[in-house]
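Engineer: One line per chain: the protein sequences are A and B, in this order.
For the first sequence, position 28 (counting from the first letter as 1) is numbered 28 according to this note's numbering, and the numbering increases by one without interruption.
For the second sequence, position 301 (counting from the first letter as 1) is numbered 301 according to this note's numbering, and the numbering increases by one without interruption.
Errors might be hidden in some of the hints.
Unchecked claim - Below, simulated DMTMM-like cross-link-like pairs (lysine to aspartate or glutamate); rule was C-alpha separation at most 25 Å, straight line: (1) A:Lys482 <-> B:Glu429; (2) B:Lys482 <-> A:Asp428; (3) B:Lys335 <-> B:Glu246; (4) B:Lys287 <-> B:Glu511; (5) A:Lys482 <-> B:Asp428.
Derived by calculation from the structure, the hints in this document are not laboratory data.
Number of protein chains: 2
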Amino acid sequence: MRASQLFMPTLKETPAEAELVSHQLLLRGGFIRRLASGLYTWLPLGLRVLRKVERIVREEMDRCGAQEVLMPVVQPAELWQESGRWEQYGPELLRIHDRHDREFCLGPTHEEVVTDLLRREIHSYRQLPINVYQIQTKFRDEIRPRFGLMRGREFVMKDAYSFHLEAASLESTYEAMFAAYTRIFTRLGLDFRAVEADTGAIGGKRSHEFHVLADSGEDAIVFCHHCDYAANLELAQSRLPDEAPEAPLPAEQVPTPGIRSVAAQAEMLKISTARIVKTVLVMADEKPVLLLLRGDDELNLVKATNALAAKSLRLASQEETEEACGVPVGFIGPKDLPRDLPILADHHALTVQNFSTGANVADLHWINLHWGRDLPLAAAADLRSVRAGEPCPRCASGTLGIRRGIEVGHVFQLGERYSKAMNMTVLDETGRDRTVTTGCYGIGVSRVVAAAVEQHFDDRGILWPRALAPFTVGIVAINGRKSPDVAAAAELLHNQLEAAGYAVLLDDRDERPGVQFATMDLIGLPHRVVVSDKVLAQGVFEYRDRRGTDNVHLSYEELLTQLKGGEPS
Amino acid sequence: MRASQLFMPTLKETPAEAELVSHQLLLRGGFIRRLASGLYTWLPLGLRVLRKVERIVREEMDRCGAQEVLMPVVQPAELWQESGRWEQYGPELLRIHDRHDREFCLGPTHEEVVTDLLRREIHSYRQLPINVYQIQTKFRDEIRPRFGLMRGREFVMKDAYSFHLEAASLESTYEAMFAAYTRIFTRLGLDFRAVEADTGAIGGKRSHEFHVLADSGEDAIVFCHHCDYAANLELAQSRLPDEAPEAPLPAEQVPTPGIRSVAAQAEMLKISTARIVKTVLVMADEKPVLLLLRGDDELNLVKATNALAAKSLRLASQEETEEACGVPVGFIGPKDLPRDLPILADHHALTVQNFSTGANVADLHWINLHWGRDLPLAAAADLRSVRAGEPCPRCASGTLGIRRGIEVGHVFQLGERYSKAMNMTVLDETGRDRTVTTGCYGIGVSRVVAAAVEQHFDDRGILWPRALAPFTVGIVAINGRKSPDVAAAAELLHNQLEAAGYAVLLDDRDERPGVQFATMDLIGLPHRVVVSDKVLAQGVFEYRDRRGTDNVHLSYEELLTQLKGGEPS
Numbered sequence: 001m002r003a004s005q006l007f008m009p010t011l012k013e014t015p016a017e018a019e020l021v022s023h024q025l026l027l028r029g030g031f032i033r034r035l036a037s038g039l040y041t042w043l044p045l046g047l048r049v050l051r052k053v054e055r056i057v058r059e060e061m062d063r064c065g066a067q068e069v070l071m072p073v074v075q076p077a078e079l080w081q082e083s084g085r086w087e088q089y090g091p092e093l094l095r096i097h098d099r100h101d102r103e104f105c106l107g108p109t110h111e112e113v114v115t116d117l118l119r120r121e122i123h124s125y126r127q128l129p130i131n132v133y134q135i136q137t138k139f140r141d142e143i144r145p146r147f148g149l150m151r152g153r154e155f156v157m158k159d160a161y162s163f164h165l166e167a168a169s170l171e172s173t174y175e176a177m178f179a180a181y182t183r184i185f186t187r188l189g190l191d192f193r194a195v196e197a198d199t200g201a202i203g204g205k206r207s208h209e210f211h212v213l214a215d216s217g218e219d220a221i222v223f224c225h226h227c228d229y230a231a232n233l234e235l236a237q238s239r240l241p242d243e244a245p246e247a248p249l250p251a252e253q254v255p256t257p258g259i260r261s262v263a264a265q266a267e268m269l270k271i272s273t274a275r276i277v278k279t280v281l282v283m284a285d286e287k288p289v290l291l292l293l294r295g296d297d298e299l300n301l302v303k304a305t306n307a308l309a310a311k312s313l314r315l316a317s318q319e320e321t322e323e324a325c326g327v328p329v330g331f332i333g334p335k336d337l338p339r340d341l342p343i344l345a346d347h348h349a350l351t352v353q354n355f356s357t358g359a360n361v362a363d364l365h366w367i368n369l370h371w372g373r374d375l376p377l378a379a380a381a382d383l384r385s386v387r388a389g390e391p392c393p394r395c396a397s398g399t400l401g402i403r404r405g406i407e408v409g410h411v412f413q414l415g416e417r418y419s420k421a422m423n424m425t426v427l428d429e430t431g432r433d434r435t436v437t438t439g440c441y442g443i444g445v446s447r448v449v450a451a452a453v454e455q456h457f458d459d460r461g462i463l464w465p466r467a468l469a470p471f472t473v474g475i476v477a478i479n480g481r482k483s484p485d486v487a488a489a490a491e492l493l494h495n496q497l498e499a500a501g502y503a504v505l506l507d508d509r510d511e512r513p514g515v516q517f518a519t520m521d522l523i524g525l526p527h528r529v530v531v532s533d534k535v536l537a538q539g540v541f542e543y544r545d546r547r548g549t550d551n552v553h554l555s556y557e558e559l560l561t562q563l564k565g566g567e568p569s
Numbered sequence: 001m002r003a004s005q006l007f008m009p010t011l012k013e014t015p016a017e018a019e020l021v022s023h024q025l026l027l028r029g030g031f032i033r034r035l036a037s038g039l040y041t042w043l044p045l046g047l048r049v050l051r052k053v054e055r056i057v058r059e060e061m062d063r064c065g066a067q068e069v070l071m072p073v074v075q076p077a078e079l080w081q082e083s084g085r086w087e088q089y090g091p092e093l094l095r096i097h098d099r100h101d102r103e104f105c106l107g108p109t110h111e112e113v114v115t116d117l118l119r120r121e122i123h124s125y126r127q128l129p130i131n132v133y134q135i136q137t138k139f140r141d142e143i144r145p146r147f148g149l150m151r152g153r154e155f156v157m158k159d160a161y162s163f164h165l166e167a168a169s170l171e172s173t174y175e176a177m178f179a180a181y182t183r184i185f186t187r188l189g190l191d192f193r194a195v196e197a198d199t200g201a202i203g204g205k206r207s208h209e210f211h212v213l214a215d216s217g218e219d220a221i222v223f224c225h226h227c228d229y230a231a232n233l234e235l236a237q238s239r240l241p242d243e244a245p246e247a248p249l250p251a252e253q254v255p256t257p258g259i260r261s262v263a264a265q266a267e268m269l270k271i272s273t274a275r276i277v278k279t280v281l282v283m284a285d286e287k288p289v290l291l292l293l294r295g296d297d298e299l300n301l302v303k304a305t306n307a308l309a310a311k312s313l314r315l316a317s318q319e320e321t322e323e324a325c326g327v328p329v330g331f332i333g334p335k336d337l338p339r340d341l342p343i344l345a346d347h348h349a350l351t352v353q354n355f356s357t358g359a360n361v362a363d364l365h366w367i368n369l370h371w372g373r374d375l376p377l378a379a380a381a382d383l384r385s386v387r388a389g390e391p392c393p394r395c396a397s398g399t400l401g402i403r404r405g406i407e408v409g410h411v412f413q414l415g416e417r418y419s420k421a422m423n424m425t426v427l428d429e430t431g432r433d434r435t436v437t438t439g440c441y442g443i444g445v446s447r448v449v450a451a452a453v454e455q456h457f458d459d460r461g462i463l464w465p466r467a468l469a470p471f472t473v474g475i476v477a478i479n480g481r482k483s484p485d486v487a488a489a490a491e492l493l494h495n496q497l498e499a500a501g502y503a504v505l506l507d508d509r510d511e512r513p514g515v516q517f518a519t520m521d522l523i524g525l526p527h528r529v530v531v532s533d534k535v536l537a538q539g540v541f542e543y544r545d546r547r548g549t550d551n552v553h554l555s556y557e558e559l560l561t562q563l564k565g566g567e568p569s
């Protein structure tokens, strides 16, 4: 491909709309353009990258026995009503009316459609297991689309759905998909982690997310430095050390005028925040629940939601808190709470000794309280987020680290969530009707493109992993419009490398060398070859790896050897 | 691929919902399934066919210099308001509101989006011409979706758009796209015709449709038996023979009580219908116009719309006609019409001599009228549909035939329709701002699949052209579940043929031979090879071409030679 023939509108300036590096570089390099909020057009260069992701995903899905189908984008409301999601799903589900005023939605996901398809065709256990997938345009009406491809409204997704008679069969397909995902992200050249994930409101059994590690990631990923434990912070646990018993001091009330924060309380009382039990009022399904945490711990809303089996959960406002507890905010405590409220404590908060907490009177706190002696032990659950450096919950010797990740894949054992609601049954070997059990498996295909950039860039532009690069080799013809020798040699090299199986971009534009080099760096092709009168006089090509800074002079044969460092593509 | 592993739910019965053969066979063969009215899921077998069409289309688009992009399905209303189509486009444009109540539509076509994209990036004549295309899901809210893939609501389309400074450049790209379309449909193995087409309300300059010939086609295609003239019936012309002058007879009025039809008029007056000038009242943009046609000719609404430069045109009701003309229907004529109405005659109606027409009085007709002598010549235009057997308008010696066609492609010189409305200009060589001129080029990718079936089927099922077949070779293992020899030989053959580059489907299901044969015939693979204990004992395979009825015994080498009749795929 010749750059003069390629629609590749690069930008010198970073567009003001773009915060994330990937968004900036994909716009600047002419990979994508914005049509409207959260809607992007893929330009030729970007589409080449997208197709490379698609191809690898497709190959690995086919390899593990999944079968490709293609379901409609537009889905009838009836199916979503049947599954119960028409009501449950928030405004991210774009609901539409057709000309006959029938209700439809733009599919953000296809559990209903695929369950409807298969319940009509699959009637016997002999037809199971089955695993179907599609690579398709999806729509999610984000309230504030941002970060370019990372959180767009229209996006490309690979979604797979498997159906089984028995849990063991689901487990086996789940493992196969897990392995396929591992191969996919490995082949894509991405540094990633598979982490245990929250199964959330869907109430599934087992779930892993695949995260591309990048500082800009929206998720916090917890992993053990020693063993293979890894989990989303939403879910991650740590092993808490046993606290040595302390000599119990006498409980007393201390005036703390105007002291409303944990930090101020610790400072005034000259104690560690770890010796404080703090209270947080949440509204679980709009009913107040008082949560207790150690003063230096952070409430994990996902864990609290799961512990309370709540459909929705939010922090209460100051007004709601004072009304529910009957105490000014800042002075609430679990001892002698004037109102009858459900109380749930984090395990960690129950191991604190000689602790301080609000006395349920304005400007007054307790110190030296003891669970059991001064107040009954509260019901306990895991409510806190782990912190880096804590001991691994799985192995004996590791400590936990935390990194940022971009979620690009998700495997999920749904169980009977949809098959039960939509009555998908098959006859088993004994002729009995049995509800099938299911799994679902997603990859954010367009998000992978952005995530790859977040992980692979420098101050000059993108550093595409070879498997994703829109072209493997970039040839820069210096002054090719003026030097017929350069033009001919560059053209010959282009044709030879294409014949050898490489995807080649020849920059034959009428531009200054500085512009040509900057363009090559920006669009991030792995290999750059310069053809100029100067190097031609020496009978060589000038080669540079995009990740390096050294130019080396190579003959054609040496260049081929250099490129063979990886597969042609 | 083994049939036991393939999700291919075939049906014995023809589904009641399906009228067209393609719809019936694609459902029965397990290629597609209906989700809702006009919405279809592509099952694995159907998706393989669709991808084959896509691949050939993509290769030929790339070959002729078009560049692939991918634009969003969801489009902002603002662009459609700018082009004027937000108002013009009827209820087939599915309009939606996002969560912020902003207006969008699901794209039935992308002229606005692509013009917006390119007007932001293209500023100089040096960046032209450019031709971009996409293969993408589109949506058109048909009032009565029917015929399966033929007229669905969600469908896959290849749409290309070219932009030029000069008409000559547009013409050259138009020719290149025409040639690419010809290669595409030829490679797909379809019997097709490119025909001149109406440029309609868009007011473009030149347009051709590509039709797959099939008896079920919705369009009538007129073509010359002698030269390459071919046009849609909406547009087709014929060369009318000169009428020999006749001796003028005296005009007179004849009572015709209750005679309201051309046929009854001819019978009562004992004249040919060709000697009658009939009247048709139409509402052009809701204003009445009286059209005159020869009695045996048929009004062509598209031609009338174009001749009157009307945005909309419809036949008037009886009430509207009688009110506008002041004469009972059946007795209206161009001579002494009591009301002042615009009158437009088909050329053919002006060559009739000694003609009969209504006398503008109930139960009374004229006979032996002559244009000029008895009434002034009306304004003339081409208003009639041509008939088979008429002389070709282009060559001297040919006569016209008419066949039915399914429109699968359309190339169109739009001119400045969108670039002017959306103000897309570039600087020309003299530094002057010039509005660009554009072309658009569509292929109904999913419709091609249905059209191919309409053209290639027999009473047992589909007869896929080789380029479209989901698999090239079908192997039937007879009693393979009971005979280890058959199973092993079939498996070996499957692997050998796959290694040789053929797409192979091995029917290894536990089914009776009759069911296996019926399935192979239904899904229409070009080559069938039977492996049974009987033929294995003779050291051969039993081969049959799907289009033939003879079984032949072939060795493996002979089989390879047989398959090589075409390219592996």
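Engineer: All hints, please: hold or fail.
Structural biologist: Going down the list of hints, with the structure as the test:
1. A:Lys482 <-> B:Glu429: holds, 21 Å
2. B:Lys482 <-> A:Asp428: holds, 24 Å
3. B:Lys335 <-> B:Glu246: holds, 20 Å
4. B:Lys287 <-> B:Glu511: violated, 67 Å
5. A:Lys482 <-> B:Asp428: holds, 24 Å
Hint check: a violation occurs at hint 4 only; the rest are consistent with the structure.
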